[in-house]
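Asks: Let chain X serve as the given structure and place chain A on it in line with the hints.
Listed in order, the protein sequences are those of chains X and A.
Per my numbering, the first sequence runs over residues 1 to 419.
Per my numbering, the second sequence runs over residues 1 to 229.
Keep in mind the hints are simulated off the structure, nothing from the lab.
By construction, the Cβ of each residue, glycine as well, lies at the ideal position given by its N, Cα and C atoms.
Some hints here could point you the wrong way.
Claimed, not checked - Listed next, the in silico SDA-like pairs over lysine to any residue satisfying Cα-Cα at most 25 Å (straight line): (1) K2(X) to S101(A); (2) K10(X) to I145(A); (3) K115(A) to L4(X).
What the hints assert, rightly or not - Calculated Cβ distances over 12 Å to all of chain X for the following chain A residues: (4) D132; (5) S165; (6) L178.
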Amino acid sequence: MKTLFLLASKSAWARRGSLFLAVLSIAISVTLLLGVDMTRKQAKNSFLNTISQTDLIVGARSGPINLLLYSVFRLGNATNNISYDAYQRIATDSRVKWTIPLSLGDSHKGFRVLGTTQDYFKFYRYADKQALSFAVGGQFDDLYDAVIGAEVAKKLSYKVGQSIVLSHGTISTDFAEHKDKPFRVVGILEATGTPVDRSVHVSLEAIEAIHIDWRSGARSQLKIDAKQARKFGLKPNNLTAVMVGLNKRTQTFVVQRNINDDEQEALLAIIPGTTLSQLWRTLGHFETVLLAVSLLVLVAGLLGMLTMLLSTLNERRREMAVLRAVGAHAYQILLLFIIEAFLMVLLGCLLAMGMLFSLLHIMQPILLEMYGFNLLLKGLDSQQLLLLLSVLVISVVFSLIPGFIAYKRSLQDGLTVRL
Amino acid sequence: MNESLVQINEMGFRWSKQQQEILSIDEFSIDRKQHVFIQGNSGSGKTTLLNLLCGINTCTRGSLSVLGNDLKTLSSQKRDLFRGNHLGVIFQQFNLLPFLSVKENIQLPCGFSEKKRQNIDDMSEEVSRLLDALDLSSSLANTAITELSAGQQQRVAVCRALIGSPELIIADEPTSALDVKNRDRFLQLLFQEANNHDSTVVFVSHDPSIAHHFSKMIELSDINSLNGI
Chain X
1 MKTLFLLASK
11 SAWARRGSLF
21 LAVLSIAISV
31 TLLLGVDMTR
41 KQAKNSFLNT
51 ISQTDLIVGA
61 RSGPINLLLY
71 SVFRLGNATN
81 NISYDAYQRI
91 ATDSRVKWTI
101 PLSLGDSHKG
111 FRVLGTTQDY
121 FKFYRYADKQ
131 ALSFAVGGQF
141 DDLYDAVIGA
151 EVAKKLSYKV
161 GQSIVLSHGT
171 ISTDFAEHKD
181 KPFRVVGILE
191 ATGTPVDRSV
201 HVSLEAIEAI
211 HIDWRSGARS
221 QLKIDAKQAR
231 KFGLKPNNLT
241 AVMVGLNKRT
251 QTFVVQRNIN
261 DDEQEALLAI
271 IPGTTLSQLW
281 RTLGHFETVL
291 LAVSLLVLVA
301 GLLGMLTMLL
311 STLNERRREM
321 AVLRAVGAHA
331 YQILLLFIIE
341 AFLMVLLGCL
351 LAMGMLFSLL
361 HIMQPILLEM
371 YGFNLLLKGL
381 DSQQLLLLLS
391 VLVISVVFSL
401 IPGFIAYKRS
411 LQDGLTVRL
Chain A
1 MNESLVQINE
11 MGFRWSKQQQ
21 EILSIDEFSI
31 DRKQHVFIQG
41 NSGSGKTTLL
51 NLLCGINTCT
61 RGSLSVLGND
71 LKTLSSQKRD
81 LFRGNHLGVI
91 FQQFNLLPFL
101 SVKENIQLPC
111 GFSEKKRQNI
121 DDMSEEVSRL
131 LDALDLSSSL
141 ANTAITELSA
151 GQQQRVAVCR
161 ALIGSPELII
171 ADEPTSALDV
181 KNRDRFLQLL
191 FQEANNHDST
201 VVFVSHDPSI
211 AHHFSKMIEL
221 SDINSLNGI
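Isolated chain X, as found in the complex:
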């Protein structure tokens, strides 16, 4: 067996030029497959981990996915608001442990502004039950304090103490800015890889204050400056949505039904986890197609190797006859092909790992910078190892074809090769 390994590798080394190309094509296809699989899994993970520990999200009645999109992903706009009374009914329910009110609608240089309470920093969880933490500074205490997400701070190079002006609506226009009531950045959150990174957080009262002299989406004639605004009872009348944590998880469905059946207001309560996976399923076809394509590329790579092994059969006929003459059995000839294919694919897989991890290493900061997607550099999971193993097995199966042809030929040829 040791002799066969030595012979196979020396013979392969002598043909290294063409073999290397086959190895490279295998390596590239394995890299592609693993890369796609890894990104797909992490994207799904990061997507499903956007929000955690929140049992229900309540908003005005619309579609569940729509509610999820505007409340969690800050995408699109709410079709309607819920009343503050409704919020208080929910918040005071004995089954409810905590609530986070959300008020959306304003923006700052393209980043959404979220009006909320300090409970946001206390109860909001993402990924694996992780709480928000501050990179610099702390939560908002004063009316005109703002806490910004990591990406906001990075993109706009804001530091604590920076004065910012919020814009009315989600598109920044000069005439719709709340210039009269500037905010001060008091805290910058650690990066989370979720939409929190792209949000500017202020208190609910602040949202009221900046809109105090606005009526129906336009500035009214009555001007009330920042100082004067403090004197008003800044109690909000409306909220966009509410995140709810329950005392007992098991009550989720009952509370959800109660809210959905509320007689005073048309409300919608969704379970974020369920709606998230629903949303992913609608987006998920894309990942399946991508995975299928990379699998086909891998098959093409392996077929390339097979073609190459088959094409060398004739020129290796004498090699086989010599080996038979010195006492090699025909099954050992078959083994030579298996070993060669195995070594090639093994080398291809190792090369692929090297390529994959250097690629991920290069891509990681770029992805984080451009898409806020934090690609983790972790080892292969068991599924991916199984994939590599099956690639090796397939290569061995493929090598049986040229191997068996060589086997049959060496039995027929014997010691004399007629070319």
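Replies: Okay, now just chain A, sitting in the frame of chain X:
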């Protein structure tokens, strides 16, 4: 056990898909340490006889024994092992694996035969000794095969056939690619080393002009009763 190294009795061979035998030898034997020249024209069954002697194919009738073993009774794997252990084979040309060095080519049979390995005390020394004996400089040991001349290559092939002192050396027209001077030198060195190893030589060729170098000469058409097929 009888004294002869190869013993053929009532032997016949035909391909499994064909009705007609292509070789039929009633009685033929080769003694130990003999140098036998078998002369036959193309189509006379030379190749068939060699394949039978080497155990690549087995006779379909009668018996062919080498060293007292009727090859037909051995499994194909056992026959391959038997060939690896007891035989050394030299072809007409292209004897050597181009991706191995001279030394590695000579050692090749030992990779497939435990017995040949055991017959050698010191591998490097044995390779140098064989190279020396075949009039090749031992400095050639690590040279690539492609850098050798045809004559040198055939002599390396002899070294490979001789390593591990097999009982039977089978040579299939090994001199056909050599000129007269090289050919005679080749035969002289082959015989000399075969004698040193107590090996029997069976040399097959269509060329009768070298027959006088051998102690025994046989015309294949004389022993094959199916001559002319």
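Asks: Quick check for students: does the CB of L178(A) sit more than 12 Å from each CB in chain X?
Replies: Answer for L178(A): holds, closest chain X Cβ roughly 19 Å.
Asks: Hey, K115(A) versus L4(X), does the alpha-carbon distance stay inside 25 Å?
Replies: Holds, at roughly 18 Å.
Asks: Checking the smallest CB distance to chain X, is S165(A) really beyond 12 Å?
Replies: 15 Å, holds
Asks: Is K10(X) close enough to I145(A), meaning Cα to Cα at most 25 Å?
Replies: 14 Å, holds
Asks: K2(X) and S101(A) were given as a pair; does the straight-line alpha-carbon distance stay at or below 25 Å?
Replies: 18 Å, holds
Asks: Does D132(A) really sit off the interface, with its C-beta more than 12 Å from all C-beta atoms of chain X?
Replies: 22 Å, holds
In summary, this structure violates none of the numbered hints.
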